[in-house]
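Order-wise, the sequence lines are chains X, R, Z and D. Throughout the first sequence, residue numbering follows numbering that gives the first Met the number 0, covering 0 to 403 in sequence. Throughout the second sequence, residue numbering follows numbering that gives the first Met the number 0, covering 0 to 403 in sequence. Throughout the third sequence, residue numbering follows numbering that gives the first Met the number 0, covering 0 to 403 in sequence. Throughout the fourth sequence, residue numbering follows numbering that gives the first Met the number 0, covering 0 to 403 in sequence.
Don't take each hint at face value.
Part of the chain Z face toward chain D, derived, beta carbon under 7 Å [what the hints assert, rightly or not]: (1) R3; (2) K107; (3) K120; (4) A183; (5) G187; (6) A227; (7) R231; (8) K265; (9) G343.
Hints in this document: simulated from the structure, not taken from any laboratory. Quick reminder that beta carbons are idealized off the backbone N, C-alpha and C, glycines included.
Number of protein chains: 4
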Amino acid sequence: MTERVVLAYSGGLDTSVCIGWIAEETGAEVIAVAVDVGQGGEDLEIIRKRALACGAVEAEVADARDEFANEYCLPAIQSNALYMDRYPLVSALSRPTIVKHLVAAARKHGATTVAHGCTGKGNDQVRFEAGISSLAPDLKCIAPVRDYAMTRDKAIAFCEEKNLPIATTKKSPYSIDQNVFGRAVETGFLEDIWNAPIEDVYEYTQNPAEPREADEVVITFAAGVPVAIDGRTVTVLQAIEELNRRAGAQGVGRLDMVEDRLVGIKSREIYEAPGAIALITAHQELENVTVERELARFKKTVDQRWGELVYDGMWFSPLKRALDGFIQDANQHVCGDIRMTLHGGRAVVTGRKSDTSLYDFNLATYDSGDTFDQSLSKGFIELFGMSSKIAARRDQRAGTGLPA
Amino acid sequence: MTERVVLAYSGGLDTSVCIGWIAEETGAEVIAVAVDVGQGGEDLEIIRKRALACGAVEAEVADARDEFANEYCLPAIQSNALYMDRYPLVSALSRPTIVKHLVAAARKHGATTVAHGCTGKGNDQVRFEAGISSLAPDLKCIAPVRDYAMTRDKAIAFCEEKNLPIATTKKSPYSIDQNVFGRAVETGFLEDIWNAPIEDVYEYTQNPAEPREADEVVITFAAGVPVAIDGRTVTVLQAIEELNRRAGAQGVGRLDMVEDRLVGIKSREIYEAPGAIALITAHQELENVTVERELARFKKTVDQRWGELVYDGMWFSPLKRALDGFIQDANQHVCGDIRMTLHGGRAVVTGRKSDTSLYDFNLATYDSGDTFDQSLSKGFIELFGMSSKIAARRDQRAGTGLPA
Amino acid sequence: MTERVVLAYSGGLDTSVCIGWIAEETGAEVIAVAVDVGQGGEDLEIIRKRALACGAVEAEVADARDEFANEYCLPAIQSNALYMDRYPLVSALSRPTIVKHLVAAARKHGATTVAHGCTGKGNDQVRFEAGISSLAPDLKCIAPVRDYAMTRDKAIAFCEEKNLPIATTKKSPYSIDQNVFGRAVETGFLEDIWNAPIEDVYEYTQNPAEPREADEVVITFAAGVPVAIDGRTVTVLQAIEELNRRAGAQGVGRLDMVEDRLVGIKSREIYEAPGAIALITAHQELENVTVERELARFKKTVDQRWGELVYDGMWFSPLKRALDGFIQDANQHVCGDIRMTLHGGRAVVTGRKSDTSLYDFNLATYDSGDTFDQSLSKGFIELFGMSSKIAARRDQRAGTGLPA
Amino acid sequence: MTERVVLAYSGGLDTSVCIGWIAEETGAEVIAVAVDVGQGGEDLEIIRKRALACGAVEAEVADARDEFANEYCLPAIQSNALYMDRYPLVSALSRPTIVKHLVAAARKHGATTVAHGCTGKGNDQVRFEAGISSLAPDLKCIAPVRDYAMTRDKAIAFCEEKNLPIATTKKSPYSIDQNVFGRAVETGFLEDIWNAPIEDVYEYTQNPAEPREADEVVITFAAGVPVAIDGRTVTVLQAIEELNRRAGAQGVGRLDMVEDRLVGIKSREIYEAPGAIALITAHQELENVTVERELARFKKTVDQRWGELVYDGMWFSPLKRALDGFIQDANQHVCGDIRMTLHGGRAVVTGRKSDTSLYDFNLATYDSGDTFDQSLSKGFIELFGMSSKIAARRDQRAGTGLPA
């Protein structure tokens, strides 16, 4: 029986050429799989037909937008996932979603290999291949661009030679990956890290510097899940989409950073993620109100490791799954309303309301009604500082103390 | 010999009353110590004379602004210290500065006790007392407001009875602590956490929503120390002051959060810290460019613990000092220029330049000149994901694997 | 209605006197609650009658040995809980067990206060009071020894005056707390930390230096739970008891350490925990065989924090409960047999067998049959070390590199 | 000019063959470098001559035993470095020592490449190559066994063909790496992880089960450095050697474990490290006496990461160097005597004496002279448990509380 290869298919030039290229290189039949994670662009049916026209023996398309929002973006919100305190993991979240569909298609069609269109110096190759090996350790992976040196010039030549139904227009100056959770842009002139980005780079966000009316929004969470906006019930997908629109219109969520890739190099990245940033900002403040201090402090360690693992392509790893349980547990009381002002590139929390709040007005107030017993503090401070005080005595004795 | 008490003196009503109050309660002589950490307000000499007029046997004043900037604010910048990812530790940094002066005065004047004007439900009492016990474990601490139930009404009565030279005007609706690194505001109506702050609350920052011209600034760091602004050499204090002015004028650095106090309660706090936020934002991005990935990842854990310790009043503790060494080491290559746009409440990095950069254009570029050997990636991915892949095989065997 | 106080009752002199003492100090009715966590000693019914004879209005006794083993000792085994890498949390585990029974009794009998017999300088007072406040925040706590200065001499006088049916023989030179998970001993001559313990101190363990035959045992775990010993099915309680006997007979599990108490001081402690140490040693090695590397590395951080929290009395805290979920998840594949030799004070693993093993003979072997593809390593090493290599290049350039 | 390759030379069959093999494969001149890290065996001069006889153009030998002890083993003692809580990093410490000499020789002789004799599935290849790339990023690395498929059979054939002056006797059944800090053994029958090791495997340690007299030793540390044994001043090397003898004679330091290799697989390892285990055990307990609690708790996180980095070959990485500073600082007060009994495979601390002790008899004692103020505890406990108590109240309200 002929070997079968499942290809992660986007409908663009590179992966369209991959269909025939893989067939020639390996003698295998190619099954194209396109997954909609909210990247916009062409209709899935058009993409499906193009795959077949380019030589795929089968072509599958899937609208995975709700799945992506519920199973991938939501845990990122619940763990306030910002890689290097900035990047909301946009592409890192979409890759495992796609991987799951690729593996399902491989099982359905009896394929032994999965192919993707990534280069050999980015993070996405790791996310695809480590994802596949953790979900289906028996499947092989190939990356024609990396493994068969399929450059863009060769791709265009192949395309023209085979008369494939794809436009081979000159490449955009920008290398872009986008989905409903955000948009990543790399480009030649931004590889000089002293250069500032220009407005032309952005699509999901308006210029924050332009004057406009502020937008006030109330986001309701239940157990860390955004469930309503301004009182209207929403799905997670709808919450992201609505906040992409509204926060995007106010210029919220632009990011410009130098980041550490898993392959060991630093790269410069521009991101736009208005909905993601608005939701994480709101979620974080609702945690401040509803999560107990020691749980919150330790959760930062968990959140950081979760973000690193997901960035590093380890979505399906045992550690990532164990951290998920912790994060779920910590979110169980993250319930209530956050009121935010979206304006001038900023998403600013101005109010919180929660039935599961740990903020106790009577303990916090300096007005009458204060129920905090201040006489407890002296003993607390004395014993809280005791081990440091004993060390200070020793240091004085040993002559290694701090000079006063 | 009569006992002597050193009092942390601000010049205001409460601590002025404390002078006589402590004398009456303890029979001790009171030495007033006022420390300028950039809080503004009255002249130190006026404050010194008032202390004497209120009955202090000695009064010492110190301009500690440079000391505060160099020894307390700078390490906070170098550790990107933001408690709960937000608060740049404004008051938490000034307390140990003051503690050091109090202890020095106690030594000089042979005092056995240190007094401060804090209440019994905040963090500052811990910062004073744990600080003193770690620096001078033999000194005792008293807090008249907490320990002798010195309420404001009683203070006013005492003031009038003794005819002290202080205005006993009605208290401001705001409870404020400020210094050159920022300003903290608490107030009655903000104790309802659903209420938004009003413009009246702010002093260090202009309204970010008002239209104005953007301000572009270049901050130069050497080993994590801000040493120049727009090419002009500055001290740390000058850097903070200039950025307070310029970032403050753009509305940068307003914070509104519910935070976890050390005494176990949650409180609502409003902060303004334009210079601090601008400097930390710039420093953080320069770290992204110059600090190796694994060092950067671990430094987040160190930074978080450093911030918690300082917030919790443990400035002079053994762990805090050991973390300082790590942070110094990690900053040794944080050298170069950061260009930022200050505008509309945002401090946005737009360029970085560094002789100690780890960003390698030739490794990062997708253009010609790329020196990254993509053939290395396959082996890397395979072994990087190996332990997770072996676990996936086991899980399939055990029937506990992930469904595909 | 008369107030009611629930007292943690041991049957000994101190808590027997507490019954009447509390009644006199507070005017309340006292309900005595005795909980069997495997401490041995008198029959529960005798203890119950003594409480009533000493003036308790009600007396409840509970055999909580299985509950203690299943709900408190087992999680400690699953998290390899060794405070300061040594102490298996013997007393720290029994306190929350007792707290749960005290709170249940308080609810049943309408009590508003819980009392315990601890002093004011140990950890157990925190474990009782923080446990109660986290389980029943409305209940008050009192500790007569600490709060009413009930010294031993006063207790004996009270006892004789009231003619209570308790022997007031001279106190043992040792202060002891014991249960099925281990035994803790403090004593006057051991407060000199240069003094070695003597044989007289020990009860659960034989002298390891005496010659005897080794004992070989096979312990079977399922999902981290010890379920069989030498092929015979056991409950967790039976596993601990059998290993207390067998490992104790070989002198396993003696500990002598200086430890950090929560109240800020260091103390010297002698422990015996033969079953606990044998079970944790076996569990740890079975984890080595069955838990994926990154999960195992992070679990050390979780295990450490879990142990600190439990030592610090935070059993019922939100963070402890969230960590429990992580630990459960990490234990799901900890299944199989561990063979150990118990001899001369040592519990040494000599064999492991597991259906859920991640040890792969074919990948590990250096003999024929090796399936490890060594050609992958070069790329792995190159990219794994890339960020450090780039930093080294920078350091050479900057003249801050390592001298070779 | 002819290229030059520096080879890590042991004097054994494999690396002797490498000399000619590398010359044939690459056309380069080979410089052999042998480093004595206390592995015992042949005289360095004999090894040097053999290298030349096998075709090396230069041969350098270095007695690096003191360097190894002072610069590599000592930091491991000071960080209580036990990978997976067991393995004292024996081989992981020797590799960077050797790397430093290889790089120095490469610089001296103008070599562009470094070669080592490791296979492609172990940790040591990473330690060599990542070490070299972090110390001398311009040097290339080759591993003939891995890169040129130099199997043992081919090596023997090469040896006989070229008539090299090396015995080609049948390989020992054991694969061994040893140095003064310990000894590692792998072997065919131990690859079945159910098989127990046999006495034949061990060389550094006597059978702990055999009856013999106990040995009592007093180890003196200054700032975490072992400086005297039983009152006699020693170097670090002498301390390790003497304790290898004395602890080894008592069977101390045998380890049998399944461990996680960096390349993603689990392997079974037998180690002997009597001196290392005795020194780390003593050091750890002296830390318990002299290091403040919060510093000690955080140091566990640092120690763990340090051990992982060193195990993973990252000795010369930026993070490892930054952690070194922390560990140095934490050791500054680790001064004093530890008395241990070495017997029956156990190294048991029985006494501690320290001028920099934080153990305070007067605070710890339950006898008269107690200076601990127990009245402080109530306030401490109340505020220490406050955040958990407030959460418990919320949980009761929300109906998600713990059942009592």
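State the violated hints by number, sorted upward, taking the hints as numbered earlier in the document. 1, 2, 4, 6, 7
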